[in-house]
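Novice: Here are the chains, one letter per residue:
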Amino acid sequence: MEKVMSNKLVIALYVLPSLLLLFAVIYVPIVLTGYYGLNQWNGIGPMTFVGLDNYQHLFTDAAFWQSAWHSLLLALFSGISLIGYLVVAMILSGKIKGANLLRKIYLIPMLLSSVAIAQLWLKMYHPTNGVLNSLLASVGVHNPPEWLANPSLVLLALFIPIIWQYAGFYILIYYAGLKNIPETLMEAARIDGASAWQIATRIKLPLLREVINVTIILSIVGSLKYFDLIYVMTDGGPNGASEVMASYMYHQAFRSFDFGYGSATAFALLLICLVATWVIRKVTATSDTIQYS
Amino acid sequence: MSNKYSVRKRSHRKWVAGLTLLLSFMLVLSGCGVGKDGQGGSSGAGGKVTLKMMHLWPEGSSAQQSKLVTQIIDQYQKDHPNVVIQQEVLENEQYKNKLKVLSASNELPDIGITWAAGFMEPYVKGGLFTPMDDLLQGSKLKDKFVPGTTDAYALDGKTYALPIELNITPIYYNKAIFQKYNLKVPATFDEFKQVVKTLVDHGVAPIALGNKDRWTGSLWYMYLADRIAGSETLKKAIDGSGSFDDPGLIQAASEIQTLVDMNAFNKGFNGLSNDEGKSEFMNDKAAMYLMATWELPNFTTNPEIPQAFKDQIGFFKFPMVAGGKGDENSWVGGPGVGLFVSENSKVKAEAKAFVEYFVEKWGEQSVTQAGVIPATKVDTSKEKLPKLYVDLLNGLNEASNITLFADVQMKPNAAQVHLNMIQALFGKAVTPQQFADQHKAAIEKGN
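Residue numbers (my numbering), protein chains in the order written: chain A, 909 to 1201; chain B, 68 to 514.
Hints listed in this document are in silico derivations from the structure and should not be mistaken for laboratory results.
Fair warning: this is a prediction, and the values are worked out from it, not measured in the lab.
All C-beta atoms, glycine included, are put in the ideal place defined by N, C-alpha and C.
Treat the hints with care, as some may be off.
Below, simulated DMTMM-like cross-link-like pairs (lysine to aspartate or glutamate); rule was C-alpha separation at most 25 Å, straight line [unchecked claim]: (1) B:LYS352 - B:ASP313; (2) B:LYS512 - A:ASP961; (3) A:LYS1031 - B:ASP446; (4) B:LYS167 - A:ASP961.
A few chain B residues facing chain A, derived, Cβ under 8 Å [said to hold, decoys possible]: (5) TYR143; (6) ASN164; (7) SER170; (8) LYS192; (9) GLY193; (10) THR197; (11) PRO198; (12) LYS225; (13) GLY307; (14) GLY338; (15) GLY462; (16) ASN464; (17) ALA466; (18) PRO479; (19) ASN487; (20) GLY494.
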């Protein structure tokens, strides 16, 4: 095996197809998108080269920055919710009764498609016969809120299903990470008289650090480019109150038929995600890898 | 360990060079593929002509339309054995997206569906649709269309598509609910507001509205603008020769907010889709519903809707506003979709002949078979139609004006501003004056 794998032709044979595919469907379109952003183009017919006009406009476009703010809020929310996921995963990885069943319960939302989740929550939030408002009405709330129609509530109403949707995913990652920590370490700690809290904070957390770093990047970048649930549930409305960067880009390109500006927005979104990844990596970088074993 | 690593490193550069080369090859190759094979139809051996037709009536969601299209195509193929017509069917949104993508690579089908005015303009400017004036003046279709319906498909004096639908928007109402509270069909807007007030007092939602889709709320604004400021003022404001600053148009916007303040629309309307809004009406929970005639099958022929419900639905014209410049017989509406023939089609003549045939047959059968009102004139005496149809078709014959849906009339960007502003207006996030200012700015921008 060692011999075969050192043959460059063989390596190429295995690596090339996927690499080429990646280039053709990801990297080339990215470059093209950046280029389209330099043009004024309605998607049909000729493009007019306008240089950095679109990008300049983007900088002063209040609607874009509003959507960026919403994306940032979502990123913040998802980042914070990671703590909750981590706690649940820790509890599940301990020896509690029914952990197996609970794990499955947490995982199920992840198996549903985003559109199904959106439809489900649309029914929950329905202003008159939705589950939530029926419940509120039955406990005597006279005028229950219009969740998705109220500009000041709509973002929160959208964040909840999004966080719910990804719970299983992150809990699974943390769970796998926790299961990877050798039992012997915990046992040794227990013999030395460490409490459960000490085991969690002094042993499990440090050893899970790499995993946590990865999930932070996943959740923040994932939130910055989030699109599907919001598109189905509110389409960015009412009046832009739940518009995020990705939906703003879609609306510019496919509704207003301003593909140049839409491409510029898409490119900006990519840059923002790259910067975010870089910053997170810097902030969470560890100089020393902790190894107990 | 370190030795192995350096070996890998050295070969690194070669690798990158090789990859780049391969990649560029691939791009060149794929580049060649596109465009050559472009235009759908091709005349093959033996004089067989294949026409590609793309439309948006999937069997699942538009069963009757889909059946009628297939029926017309089958008949045509029988009469013209040398013609094969291939259908490609997509859902509305996907259809629009695909049309866009296909036109970017110049691969439009021979025959397809388009919307009027603002939607069509970029395609026409890009030279993708072929003019249809010869058919319009031809022996089969001359004077067959309802006056004014083809105008929305004309640009710079040429008509680029033939409409096959005509929609006007009445206010449907639930007779049972009206009867229960002793309400009469309102003739004036003041009476209308009285009806709204009575219904609100009795805890019934007066109007079903799903304004997440935004064009639904636009209908209300369009009508109020038409009734208060008159259709000419509205038309001019939209095409840029007038202005949204017109006091009548601003009054229309503030009337919308008055209705919102009266709780005239069902709860949470800005977060509900049109379908969700409609279901309030269909479940007897709301008393009125302003929607185009494409909903008629639901109130007449659709077998899935209980007959008892269908029997209790009537319609009335949008009421007159005291002191307004509008006319009761002026409707908001317009041609729905039309058929275009691709300018780059290799079988243009055959495609046009089929379109001519299609429009004619569609006009004869669409009301009875699919419940769709065609843009061609319908002889109501000839066919046995549900009463609601006859009344509305007669209303159509008396129409003094049809104002095209605003979001169709405006250019794409302005249309989006309009729709967003509608949602903001209904949600009271803007004042009527700001509503007017934003419209003005968007229309001046001209895209």
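Novice: For every hint, state whether the structure bears it out.
Specialist: Consistency of the hints with the structure:
1. B:LYS352 - B:ASP313: Roughly 37 Å separates the two Cα atoms, so the pair is violated.
2. B:LYS512 - A:ASP961: 16 Å, holds
3. A:LYS1031 - B:ASP446: 44 Å, violated
4. B:LYS167 - A:ASP961: Judged against 25 Å, a Cα distance of about 24 Å means the pair holds.
5. TYR143: 30 Å, violated
6. ASN164: With a minimum Cβ separation of about 7 Å from chain A (threshold 8 Å), the hint on B:ASN164 holds.
7. SER170: With a closest approach of 5 Å, the B:SER170 hint holds.
8. LYS192: 6 Å, holds
9. GLY193: 4 Å, holds
10. THR197: Where the cut-off is 8 Å and the nearest Cβ of chain A is about 15 Å from B:THR197, the hint is violated.
11. PRO198: It is violated, given that the least Cβ distance between B:PRO198 and chain A is near 17 Å, above 8 Å.
12. LYS225: 17 Å, violated
13. GLY307: 17 Å, violated
14. GLY338: 3 Å, holds
15. GLY462: It is violated, given that the least Cβ distance between B:GLY462 and chain A is near 33 Å, above 8 Å.
16. ASN464: Since the shortest Cβ distance to chain A is 36 Å, the answer is violated.
17. ALA466: Check failed: Cβ of B:ALA466 comes no nearer than 30 Å to chain A, outside 8 Å.
18. PRO479: 4 Å, holds
19. ASN487: 6 Å, holds
20. GLY494: It holds, given that the least Cβ distance between B:GLY494 and chain A is near 5 Å, below 8 Å.
Taken one by one, the earlier hints fail for this structure at numbers 1, 3, 5, 10, 11, 12, 13, 15, 16, 17, listed in ascending order.
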